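Asker: Could you build all of it, start to finish, from the sequences and the hints given here?
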Amino acid sequence: MDQIEIEIKEMDALYFDKEYASYHPSNNEILQNDIHEYQHFKNVVACFYNYTNDMKVEIQRIKTHFETLKPEQRNNLIMNYQERIKKLDYCIKKNAHFCFLIVAAYVDMFPEMDLSQVSYVSDLPYFHHVQHGDIAKLRITLKQFYRDWSVQGQAERDQSYKLIIDRLQQYYPDAKSKDVKYQVLLPGAGLGRLVFELASRGFAAQGNEFSYFMLLSSHFIINLTQKKEQYQLYPFANNFCNRLSENDQFELVKVPDVAPAEVLTENDEMSFVAGEFITVYHQAKYYNFWDSIITCFFIDTANNVLDYIDTIYEILKPKGCWINFGPLEYHFANQFSETSIELSFEDLKHYIKQKGFEIQFEQMQESTYNHSKLDQKYLKYNCIFFMAVKK
15 MDQIEIEIKE
25 MDALYFDKEY
35 ASYHPSNNEI
45 LQNDIHEYQH
55 FKNVVACFYN
65 YTNDMKVEIQ
75 RIKTHFETLK
85 PEQRNNLIMN
95 YQERIKKLDY
105 CIKKNAHFCF
115 LIVAAYVDMF
125 PEMDLSQVSY
135 VSDLPYFHHV
145 QHGDIAKLRI
155 TLKQFYRDWS
165 VQGQAERDQS
175 YKLIIDRLQQ
185 YYPDAKSKDV
195 KYQVLLPGAG
205 LGRLVFELAS
215 RGFAAQGNEF
225 SYFMLLSSHF
235 IINLTQKKEQ
245 YQLYPFANNF
255 CNRLSENDQF
265 ELVKVPDVAP
275 AEVLTENDEM
285 SFVAGEFITV
295 YHQAKYYNFW
305 DSIITCFFID
315 TANNVLDYID
325 TIYEILKPKG
335 CWINFGPLEY
345 HFANQFSETS
355 IELSFEDLKH
365 YIKQKGFEIQ
375 FEQMQESTYN
385 HSKLDQKYLK
395 YNCIFFMAVK
405 K
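Numbering of the sequence shown is given in my numbering, commencing with residue 15 and proceeding in unit increments.
FYI, nobody ran anything at the bench for these hints, they're computed from the structure.
In this text the structure is predicted, and so the values were computed from the model without any measurement.
Treat the hints loosely; a few may be bogus.
[Stated by the list, open to error] Below, in silico cross-link-like pairs of lysine-lysine (DSBU-like), each with a Cα-Cα straight-line distance of 30 Å or less:
(1) Lys-100 with Lys-387
(2) Lys-176 with Lys-333
(3) Lys-101 with Lys-268
(4) Lys-363 with Lys-333
(5) Lys-367 with Lys-333
(6) Lys-101 with Lys-84
(7) Lys-387 with Lys-77
(8) Lys-195 with Lys-333
(9) Lys-192 with Lys-405
(10) Lys-331 with Lys-369
Answerer: Here it is, written out as structure tokens:
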């Protein structure tokens, strides 16, 4: 099928009206003229570009610390730390190649990226300092490929995505055969797997995402892969703790487990809009527009969750359904520079009903997030799973 259309509506002060297939930030005047937005985008590209150099710091740390072991201590370990370094180096090179492919189309925006003498991605020069927080976001993004686009991630997807899909299909059983498709919006769409799953089942599915890390990565995996399991990566290469086996750190993941281009047809409708949820959709043309809104691990990303609920109500059609799955972790709760309204589900449920929703289904459901079964340590959420219908 044709490449997925994406509309870049707003990222802070950044506006685009381009298809995802042809989107290139260097063509946009606002990005060129807005130094703040340009710098932010450059930081994101730099994270992908500098993956090898950032991971070399980890390798040097391991080398330095293991060299402090006494010979008798080192000799009595199953692990040969030099072999471990070789394995880690191999995994880093594979990941670096994958990261570079994601941003390869954008590096010409930055003249300081001189690639003329580079023969392999591991030789990339370090061109721009990136913050530790952005490096952490890239590592999370690599793990998101594990969750959304690998065979190993299927079990975790079934904990949430399958339940959401089943509930939506029960509410709209004629989605596959209906001439005019049901319009479904998924804010916080991440790498787009749930958007893809709904589009392949007959819904006109639109993902909404704010993060450049996710937008660039979802564009790559959805539009630029031609076949199943085209790429190899090692998303847990930087996990040095809580391993039962030495090889757990080097778990191989092949992505994607299904190629959207091989599944979606010209009759399927899938799109993305980039930007902050309320800013993009809180406008008159979207009022009473959507047949369904799906929020999966999303509503607690708000500074004020009630603003999300207000927007969802306004843009959902009468008798349209809102399906929610996720915890109430409230991402801004410990950031004193940010507003954060933290409410219990009891309060939220009361507000949802007062707003004009009827909660037709509700249950608690356990779910992990970005968890490898090989990892000793993981967080299990007791998620709120409900469906509310606008009266």
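Asker: Run every hint past the structure and note whether it holds.
Answerer: Tested hints:
1. In summary, the hint linking Lys-100 to Lys-387 is supported, as the alpha carbons are separated by about 24 Å, within the 30 Å threshold.
2. Restraint check for Lys-176 and Lys-333: satisfied, since their Cα atoms lie roughly 23 Å apart, inside the 30 Å limit.
3. Taken as a hint, the Lys-101 and Lys-268 pair is honoured in the structure, with Cα atoms around 17 Å apart against an allowance of 30 Å.
4. A distance of roughly 18 Å separates the Cα atoms of Lys-363 and Lys-333; the hinted pair therefore holds under the 30 Å criterion.
5. With a C-alpha separation of about 14 Å, the suggested pair Lys-367 and Lys-333 falls inside the 30 Å cut-off, and the hint holds.
6. Restraint check for Lys-101 and Lys-84: the C-alpha separation of about 23 Å stays at or below 30 Å, so the hint holds.
7. The hinted pair formed by Lys-387 and Lys-77 meets the criterion: a straight-line CA distance of about 28 Å does not exceed 30 Å.
8. For the given pair, Lys-195 sits about 16 Å from Lys-333 by alpha-carbon distance, which is consistent with the 30 Å threshold.
9. With a CA separation close to 23 Å, the supplied pair Lys-192 and Lys-405 stays within the 30 Å bound.
10. Proposed proximity of Lys-331 and Lys-369 is supported: the alpha carbons are some 14 Å apart, at most 30 Å.
Hint compliance for this structure: no hint is broken.
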